[in-house]
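> Since the structure of chain L is already known, use the hints to place chain S on it.
Spelled out, the chains give:
Protein chains: 2
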Amino acid sequence: MATGQEQGGTAAKPLRADARRNRARLLEVAEEVFAERGPGASTEEVARAAGVGIATVFRHFPTKEALLEAVLVRRLERLAEEAQQLAEGRPPAEAFFDFFNLVVDRSPVKNAYAAALADAGVDVHAAVSDAGRAVSAALGGLLAAAQGAGAVRTDLEVPELTAILVGTCRMLQHLDGRPDAARRARQVVLDGLRG
Amino acid sequence: MATGQEQGGTAAKPLRADARRNRARLLEVAEEVFAERGPGASTEEVARAAGVGIATVFRHFPTKEALLEAVLVRRLERLAEEAQQLAEGRPPAEAFFDFFNLVVDRSPVKNAYAAALADAGVDVHAAVSDAGRAVSAALGGLLAAAQGAGAVRTDLEVPELTAILVGTCRMLQHLDGRPDAARRARQVVLDGLRG
Chain L
1 MATGQEQGGT AAKPLRADAR RNRARLLEVA EEVFAERGPG ASTEEVARAA GVGIATVFRH
61 FPTKEALLEA VLVRRLERLA EEAQQLAEGR PPAEAFFDFF NLVVDRSPVK NAYAAALADA
121 GVDVHAAVSD AGRAVSAALG GLLAAAQGAG AVRTDLEVPE LTAILVGTCR MLQHLDGRPD
181 AARRARQVVL DGLRG
Chain S
1 MATGQEQGGT AAKPLRADAR RNRARLLEVA EEVFAERGPG ASTEEVARAA GVGIATVFRH
61 FPTKEALLEA VLVRRLERLA EEAQQLAEGR PPAEAFFDFF NLVVDRSPVK NAYAAALADA
121 GVDVHAAVSD AGRAVSAALG GLLAAAQGAG AVRTDLEVPE LTAILVGTCR MLQHLDGRPD
181 AARRARQVVL DGLRG
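Going line by line, the protein sequences match chains L and S.
Per UniProt numbering, the first sequence starts with residue 1, numbered consecutively.
Per UniProt numbering, the second sequence starts with residue 1, numbered consecutively.
Hints were generated in silico from the structure; no laboratory data involved.
Note that the structure is a prediction, hence the values are computed from the model and not measured.
Some hints could be false.
Stated by the list, open to error - Computed footprint of chain L on chain S; a stretch qualifies when at least three of its residues, placed anywhere within it, have a C-beta under 8 Å from a C-beta of chain L:
no.	stretch
1	153-163
2	167-175
3	178-186
Note that the Cβ used here is the ideal one computed from N, Cα and C, for glycine as well.
For reference, chain L alone in the conformation it holds in the complex (with noise of 0.2 Å):
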């Protein structure tokens, strides 16, 4: 029976409202900690900064590329809130173009963790799944509005701009230091973009 099984099953045990609030704030302070001193900052330093045992870090994420999973995870899930957030707040045209450049100035600190997770020889895409797939739908609908508006061409589709994404984002790499140079090659891109 449904209500057997669900007592019975093996899902993992919610966490009290306490722990998840303890969890919560470890993994900001570890964003802090990673983005001071990169994603090479030992698990040791996080429990500092955040005041707590070495053993309570442990206990939430097993080890450091647990930690380093989950706040990759949490900035995507916070990416796809702040999609959801212009979606709402924002004209078409710019909620798209405003997310656009989001991911764009954001991407060099993701390409670090993502980095940082596939050397320790963690799967990343499979790790980020779900989160990604919230950022994807989050774009999709961003993209829609917009091309309804008349702001983007109709004839792209979420695949082919996420390519662009990460193309824009492989340009700018290549142009580090020299930010006119960057300003002008990211705008070729947004020009392309448009209805």
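Below, chain S without anything else, positioned relative to chain L:
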């Protein structure tokens, strides 16, 4: 005296005409073998395909890396020659966009060579610097002519155009196996480049 210095200098002796021809023929065969079997193909396979002994290959290219590097340099030299031919034989807009597409279409093979060299510890950038500069110069000439003809936006310079090429190649790599989406993504960049 100048003449004495030249005679006694340490500069490499120029290859005789037949040695030059043999080297060029080996490079041609090597490129075909690598194109068919990937840059992992062995020097022995190249020798066999060229119908010469392995000693002959090693006389021209002391290591597998030297051979790979020479093939990559030859590809870049040919690209610079093709840019020159386009500049001389086509209207500026057509020459520029044809060359842009040529570079993008050739990039997967070029990247495979560069990755094989990097894996072998070769500083690829340094290894191909002369040939790379020739391609950049050719690209600059095509860009200036296309801008002069009003076909390409005038705010672009060679560094960002190079970055745009790199980023476009990354886009298409992301869309490998999805030719329709790849065509649309490329079109976004081409339209963004127009003046």
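> Quick one: which hint numbers does this structure break? Sort them smallest to largest.
As far as the earlier hints go, not one is violated by this structure.
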